[in-house]
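Listed below, chain by chain, are the residues.
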Amino acid sequence: MKTRKINLLFGEIAGIILSIIVLLPFLLVLFNSSKKSADIVISPIKPPTNISQLFTNLGNVINNQNFSYWKSFSSSLIITVVSLALLSLFSGMAAWVLVRNKKKWSSVIFMLFVAAMVIPFQVVMLPLLSTFRSLSSFTGIQFLSSYTGIIFAYLGFGGSMSIFILHGFIKGIPYELEEAAWIDGCSPEGTFFRIIFPLLKPVQMTVLILNGIWIWNDYLLPSLMLGLNGRIKTLPVAVSSFVGSYVKQWDLILTAALLAMIPIIILFAFAQRQIIQGMVEGAIK
Amino acid sequence: MNTQLKRTFSLIEIIVGLCAMAFALYLDFTGNESSYRGILLAAGLVLIVAGLFILPTKKHRSIVNVLFLLPVLLTFFFTVLNPFILGIFYSLTDWNGIKFTKFVGIGNYITMFQSRDYVYSFLITFLYTILNMIFVNIAAFALALLCTSKVRGRNFYRASFFLPNLIGGIVLGYVWQFIFNKVFTAAIAGSQSMLTDPNLALAAILIVSTWQYAGYIMMIYVTGLQGVPKDIMEASNVDGANWWVALKRIKMPMIANTFTVCMFLTLVNSFKQFDLNLAITNGAPSRILQGKAVLSTEFMALNIYKTAIAKNEYALGQTKAVVFFIILAIVSLTQVSINKRKEVEM
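Same order as they appear, the protein sequences are chains Y and W.
If you read the first sequence in UniProt numbering, its first letter stands for residue 1, the second for the next number, and so on.
If you read the second sequence in UniProt numbering, its first letter stands for residue 1, the second for the next number, and so on.
Hint data in this document are derived by calculation from the structure and do not stem from the laboratory.
Just so we're clear, the structure is a prediction, and the values are computed from it rather than from any experiment.
Some hints here could point you the wrong way.
[Unchecked claim] Over the 10 Å line for every Cβ pair with chain Y, so calculated as not near, a few chain W residues:
hint: 1; residue: Ile-15
hint: 2; residue: Thr-57
hint: 3; residue: Ile-106
hint: 4; residue: Leu-127
hint: 5; residue: Ile-130
hint: 6; residue: Glu-234
hint: 7; residue: Lys-248
hint: 8; residue: Arg-287
[Unchecked claim] If we take Cβ atoms under 8 Å as the criterion, some of the chain Y residues that face chain W in the derived model are:
hint: 9; residue: Leu-28
hint: 10; residue: Pro-44
hint: 11; residue: Met-93
hint: 12; residue: Ile-264
By construction, the Cβ of each residue, glycine as well, lies at the ideal position given by its N, Cα and C atoms.
Here chain W stands alone, though its shape is the one from the complex (with noise of 0.2 Å):
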């Protein structure tokens, strides 16, 4: 009796919830504007779901499945399968954010490679990354041995040196933008603002990502150094091993993977720096490079920001963000097959 009642309720329900989506879709294909279509559909939905959960089947367990990965496969869908289909989609053709008129195939990837300023900003961003990635690290490493040693206070200046990577990129840009430009040019009197010339605007940028990232990496070579067992330190320490010895021959050995895994992390992070470039210098300032000028300091995803949104060329910037995208698709599957390498070795 119960269930059967339970069965006629659910049924009911998801009937009412079929009618329901039903009227909102028809509204919809009438051109009706009316507010409460999306309301219907929603509360459509919520009682189809409702109506398929108090259901009582032999089949309720696949019925869980389905509706517990709905949520995350509906919101996956709409937010990056289809968005990175259409985009590559897009890539091929004349969209203007809005719509497309004609296919040009890889027309804009032509233009694109033929542009200066998209392949300045492709080199300029390498050279970022490779530079960024050194600096980080040794920082990050000197930083997490200072850490892990017996000193004094090791906690406070974890905390310290942390603290920088938990601030957004933006307002920390901003806060450096009126150091470079306000505090350098006062400290030093008489000093240009370091964010006026070309190189020194980038080694700006460089030495705000380093102080903010290299907090975190230092946290990561921390967890690993405290993993190498302390026996073999001390019975290195009994044969007479001294802190350096120690430290080349045993510890960055036993460590290879964490140094692995912060390279890549510091590779990834850097080449797709955005918050800080937009922040602190945006691009600026331009550089004479064969009689023309081009933005000295404007990292590639700027650049794709910039193409689309500053200048309306929709199907150019999502060109340049494929090939954003291929890069960054080369690294990780370097990063995967290493690390199948290095399991087959243990």
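Bound conformation, chain Y alone (with noise of 0.2 Å):
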């Protein structure tokens, strides 16, 4: 028993010294993000004299003209949020569909979305942009450098793996209650929308997150539609220009990464195990 109680101990230690050396990063971060140019210089390590620092640090950085914080971050909240909301929608609805016909065509239609999932994203990424060009000449609708072609292409990039996730889920609803709405007289629509997409919100949890953190995050797919200096910037495609502006300006880009980290920190903070638990489950499906 006493040997067990010091086992305990020592992997408290370990614990705690760990979380210490995993989270050091975000510490040096704030501490460098509340510091003059000159004293970064002096010492990156010590911990700052004066906060207000961080103030008159965030201040520049949030209205400098190459980063203009707020208006990235609502590119960013727009893109994820309207993403996220057709992607659960669109992939329910196809879900569902290839679930509930069994005929050769659902199972061609959904083995190759399956396939789809092992194309990497480097092997569309140069004709998708000569794809998004001709079809913004043919339809005279802008596909790149706008909203409507980015996310768009997140609805054709996040649909493979909802819909795996999504089919997956909907297999295990049983028929007979769409069988009683049937005939009750309810449409296969509103069957859909009153029964089955009600019934999808455990899963749509895990599709919400898996593809929150991917479309907030990803930094390749909007610099290339977008444009490293476009109209429309994201967070990570701000921050990549940002730098490339004030090149070892240190006090100026770990402000601006600061504040890149911070609404997924606190969203973190609130959601934590909804969030660690979804992007466990997708990853195991």
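Relying on the hints, combine the two individually framed chains into one complex.
Now the structure itself:
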């Protein structure tokens, strides 16, 4: 019993030390965002002496023309929220149709989506740009450097995995439920929206979290489609273009990094359990 | 009467929609660049969809099926399927990102394998992938053991180990660039930054990717370890198995599946590493290889990106991307076949 206690104590000490090591980079960001450029040069390790410098730096970076925090933050938010809403709705609809029609065409389409999950973004990114360019000139709708285009792209890329996860879940919903609604005179679309869609809530959580973290943090797709200095910038793109214009000005760069991290850290503080669970479930499926 | 009204109404909607789309296309072919062309097209589509939706017919269920599949299929076709097929085709031409003039067969593939920087990046990516797989899984498994033991504060440890994984690789990469260039050199006075030495720069990326990714893989191991039945662990305790024996003989064999999942997940994700690579080193520093300089930490994803975007060699970049895809496809097929074999055994 006594050795057990000692072992647990060792575990606790290890846990605390490891947590500190893992969290240290975040602490360093906070420390150095609260310093003047010259103070970082003197020592990047020492805690800041004057906290008010943090607010000076935050003010400078938020209003900086190259970063324009609130603008990039809202662009990221619009892209993420609209993509997620449409993704969960459209994938749910498609997955339901694919599950409830046991025909050759439905299994072919499903297999197509499953196979597409292997395709890395790199192999489609260059032709994607030319495809979207021709789509723009053909339809007259702007696909590159526009919200429409990037949300369209996220629906295409996020659709496969979302359908795969939802497909597995809908298979487990008893068909009798739908038959009963059908007999009571409910239309197929009514059956889906009133009965099936509400039942998808727990699994939609996984879909939303997995896609949400991916879309919010994604860099390559928005940097190619929106451009590094385009009209619309997501947060990762804004950070990257900010770093490009203020090379080695670490007080500003780290403040920008801090601003880019804060939204997710706040979200994580409130929905920690759901986020971890959603991401792990998505990986296992 | 009511159905009759509905039918007329829906037919009118469909016809108006068709006209709107046809007119939009007519504007397109006449080269009219008016800004309402796109809106007209979209509005036409919406009208047709709405019309089909309320059209009273026996085929209503089939219409719903098609309309429900349409959004995903449409976006999937234009963002994945069409670019994918085009991409394979472009890799066989002299495509410059906008148009191609001639078919070059496997010329791009030959150029690619003859170029020193590509072969190097190919090898360094494999090295990085294997090392990262080992480091991440060892760290993650050890952390998972810690977080499933009875220590106090384990929920806090879990959350803090998981946190780096939620922040984008680009932002974290810049933060770590600062840590390597400023903090470490200040902490060990007079030392050179790790990022100036080819081998240490690779080690630096490995440190960051393990730091970022281990918490995620840890949670998958935690889920696996929590699935080990408690009565088996108690029985082994009664039988006098110590901690190490219980781990080696019971826990590890029982979560063999979790090991496979985690191995493949880290394998694929390390192989696709891009964000950290771009933000921490951007390929630098150079390494002298047979008298010529190559970028020492340029992994395949970054190499593809730079070939196309920075050097403007789109066809060559696309060719590299196709090979990149083939390797990933082989890995995935291996994983599927391993899983199938396991299912048969069970």
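Subject >> Hints breached by this structure >> reply: none
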